[in-house]
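Visitor: With the hints as extra help, turn the sequences into a complete structure.
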Amino acid sequence: MQLSTKHLLGIKNLTAEDITLILSTAQQFKEVLQRPVKKVPSLREVTVVNLFYENSTRTRISFELAEKRLSADTINFTAGASSAAKGETLLDTVNNILSMKVDMVVMRHSASGAPHFLAEHIPAAIINAGDGINEHPTQALLDAFSIQEKTGSLAGRKVALIGDIMHSRVAQSNIYLLKKMGASVVVCGPPTLIPKHISQALGVDVSYNLRETLAWCDVANVLRIQLERQNQVLFSSLREYNLAYGIGKEMLDSLHKEVVIMHPGPINRGVELNSDVADSKQSIILQQVENGVAVRMAVLYLLSGRSVAE
Amino acid sequence: MQVIVNHTKVFETLDQLAKSISAANPDFSSTVIVGIQQGGAVVSEYLYERLLKQNPHASALKHGKLDITFYRDDVRNKILAPDTMHLPFTIEGKTVILVDDVLFTGRTIKAALDALFDYGRPARVQLCVLVDRKEHRQFPIQPDYTGMAIPSKPSDKLKLIITQNNEPQVVLLNQ
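Read top to bottom, the protein sequences are chains A and B.
For the first sequence, numbering that gives the first Met the number 0 begins at 0 and goes up steadily by one.
For the second sequence, numbering that gives the first Met the number 0 begins at 0 and goes up steadily by one.
If you're looking for bench data, these hints aren't it; they were derived computationally from the structure.
No residue lacks a Cβ here, since even glycine has one placed at the ideal position from N, Cα and C.
Be careful, since some hints might not be right.
Said to hold, decoys possible - Capping the alpha-carbon separation at 20 Å, the derived lysine to any residue pairs in SDA-like fashion look like this: (1) A:K29 with B:R71; (2) A:K67 with B:Y118; (3) A:K37 with B:D117; (4) B:K109 with A:S70; (5) B:K109 with B:Q36; (6) A:K149 with A:K38; (7) B:K77 with A:P35; (8) A:K37 with B:G63; (9) A:K37 with B:K77; (10) B:K64 with A:P35; (11) B:K52 with B:G105; (12) B:K133 with B:L172; (13) A:K29 with B:K133; (14) B:K109 with A:V36; (15) B:K64 with A:T4; (16) A:K29 with B:S19; (17) A:K38 with B:K133; (18) A:K11 with A:I132; (19) A:K67 with B:F116; (20) B:K77 with A:D17; (21) B:K77 with A:T4.
Unchecked claim - Some chain A residues judged to face chain B by a derived CB distance under 10 Å, without partners named: (22) V39; (23) L69; (24) T73.
Guide: Below is the structure:
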């Protein structure tokens with residue numbers, strides 16, 4: 000069994016079989032991470048460059064750890080400290096790196112479509128680690144893995160994506176993935192943060208009422224308010240956002256049911272999520288981070304075939 | 000597909016193998032039996048059942064399954080989906096009886112030893128195989144317990160399968 004693609008650019012072009020293969024492979028890598036020696040030799044002859052044109056803590060560390068656990072050699076590139084600051088183009092930078100015999104590229108970029116552009120011009124396998132407001136496929140895969148692990152399955156599951164849907168690549172990748180795997184999806188947030196035609200475009204339901212949404216769902220994936228991506232004021236203040244869409248323990252308790260709380264991080268505590276929820280038993284936020292390494296190992300492993308590199 | 004060894008002969012051979020293992024390991028308290036996925040795991044299950052029946056000390060024996068996908072030396076030529084790894088016990092200081100269905104070049108056993116050592120440092124490892132194709136070995140690896148030696152051509156593909164009637168057979172796969 001093999002993936003139908005040689006790059007992971009987004010969830011949009013994966014099949015349900017691809018997703019199932021990645022998740023079941025990740026399950027085996029999760030076992031590897033529990034052993035005394037948390038490492039396998041599979042990618043010993045592979046060199047991976049982590050090309051980060053945008054800030055990241057979790058994703059970069061998670062990818063780097065996944066690469067090391069697979070015995071790959073890794074190079075880290077951060078745009079701020081590189082020749083990109085001197086005006087070198089993306090393609091020139093990547094071609095220079097590849098001429099040093101690099102096999103795979105993990106890339107984050109603030110421009111939507113940047114990894115797709117690279118995939119058309121270079122031979123190495125590319126993994127999208129987040130491009131602008133387009134997709135963040137490995138985040139959606141690790142979210143799906145965590146939902147499956149916690150609740151048993153994706154099919155038929157009711158998942159709410161809450162918060163800044165408009166600027167969120169995590170939301171878009173999650174929607175593609177959950178729909179392909181047979182889950183029902185509701186997006187919830189203030190009207191200014193939800194794209195107008197999202198129902199028709201992506202087949203999700205829209206709700207502007209947090210309480211109703213939480214009462215409906217099994218899993219609430221709470222998204223970060225992306226202050227850096229907002230050049231216009233889309234709600235009046237963070238405090239007002241918290242009052243209308245922030246999730247607190249009191250509200251969750253009043254529902255008399257167990258909603259699984261997820262967040263891709265970093266959390267704005269007291270904005271989209273109050274600390275009494277973020278640190279509660281219902282929250283699987285830290286399990287998501289743990290699963291992230293196993294899922295990224297699966298993606299790197301499955302895309303590392305020799306035919307891909309040559 | 001051609002049947003090389005029928006189920007009656009396979010069961011007889013498994014009985015013999017279990018007896019040899021019992022004879023060499025009078026006390027099973029620090030012994031574990033580990034089958035290599037997928038054929039070896041099946042053989043190890045049959046052996047485990049037989050040991051439990053034959054030997055009163057075998058209740059202490061532990062049984063596990065080892066998947067070598069991530070340790071194959073040809074891993075990047077052909078990306079394979081991994082199978083389950085199931086070693087819910089420590090192998091540190093233990094005698095590990097490693098079980099495979101067909102021993103051919105020795106590469107699988109080399110990978111299995113690599114995988115095993117990521118779980119700890121066993122006192123010793125013994126190798127038990129149902130079928131040995133010893134004329135094709137590429138590594139200095141020999142079994143401690145051999146079910147049967149079957150002469151074969153290098154291009155032959157020998158495999159243990161389970162029929163619809165739940166009977167194990169060794170077959171020669173069509174090229």
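Visitor: Run every hint past the structure and note whether it holds.
Guide: Cross-check of the supplied hints:
Our distance criterion of 20 Å between C-alpha atoms is met by K29 of chain A and R71 of chain B, whose separation comes to about 19 Å. A hinted pair counts as satisfied when its Cα atoms are at most 20 Å apart, and K67 of chain A with Y118 of chain B qualifies at roughly 18 Å. Distance hint between K37 of chain A and D117 of chain B is fulfilled; the C-alpha atoms sit about 8 Å from each other, no more than 20 Å. Taking the CA atoms of K109 of chain B and S70 of chain A, the gap is about 18 Å. The hint holds against a cut of 20 Å.
A threshold of 20 Å between alpha carbons decides the hint, and for K109 of chain B with Q36 of chain B the separation of about 14 Å falls inside it, so the pair holds. For the hint linking K149 of chain A to K38 of chain A, the alpha-carbon distance of about 25 Å lies beyond 20 Å, and the restraint is violated. In summary, the hint linking K77 of chain B to P35 of chain A is not supported, as the alpha carbons are separated by about 27 Å, beyond the 20 Å threshold. Between the alpha carbons of K37 of chain A and G63 of chain B the distance comes to roughly 19 Å, so the proposed pair stays at or under 20 Å and holds.
In summary, the hint linking K37 of chain A to K77 of chain B is not supported, as the alpha carbons are separated by about 23 Å, beyond the 20 Å threshold. Restraint check: the Cα-Cα separation between K64 of chain B and P35 of chain A comes to about 17 Å, which is no more than 20 Å; the hinted pair holds. With a C-alpha separation of about 31 Å, the suggested pairing of K52 of chain B with G105 of chain B is violated against the 20 Å cut-off. For the hint pairing K133 of chain B with L172 of chain B, the CA-to-CA distance comes to about 19 Å; that is within 20 Å, so the pair holds.
Pair hint K29 of chain A plus K133 of chain B does not hold up; C-alpha atoms about 36 Å apart against a cutoff of 20 Å. About 18 Å separates the Cα atoms of K109 of chain B and V36 of chain A, which keeps this hinted pair within 20 Å; it holds. A threshold of 20 Å between alpha carbons decides the hint, and for K64 of chain B with T4 of chain A the separation of about 31 Å lies outside it, so the pair is violated. At most 20 Å may separate the alpha-carbon atoms for a hinted pair to count; K29 of chain A and S19 of chain B exceed this at roughly 37 Å.
Of the pairs offered as hints, the one joining K38 of chain A and K133 of chain B is violated, with about 32 Å between alpha carbons and a cut-off of 20 Å exceeded. Of the pairs offered as hints, the one joining K11 of chain A and I132 of chain A holds, with about 14 Å between alpha carbons and a cut-off of 20 Å not exceeded. About 18 Å separates the Cα atoms of K67 of chain A and F116 of chain B, which keeps this hinted pair within 20 Å; it holds. With a C-alpha separation of about 16 Å, the suggested pair K77 of chain B and D17 of chain A falls inside the 20 Å cut-off, and the hint holds.
Taking the CA atoms of K77 of chain B and T4 of chain A, the gap is about 15 Å. The hint holds against a cut of 20 Å. Checking V39 of chain A against chain B by beta carbon gives a least distance of about 4 Å; that is within 10 Å, so the hint holds. With a least beta-carbon distance of about 8 Å to chain B, the hint placing L69 of chain A at the interface is held under the 10 Å criterion. Hint status for T73 of chain A relative to chain B: violated, with the closest Cβ pair at about 17 Å, above 10 Å.
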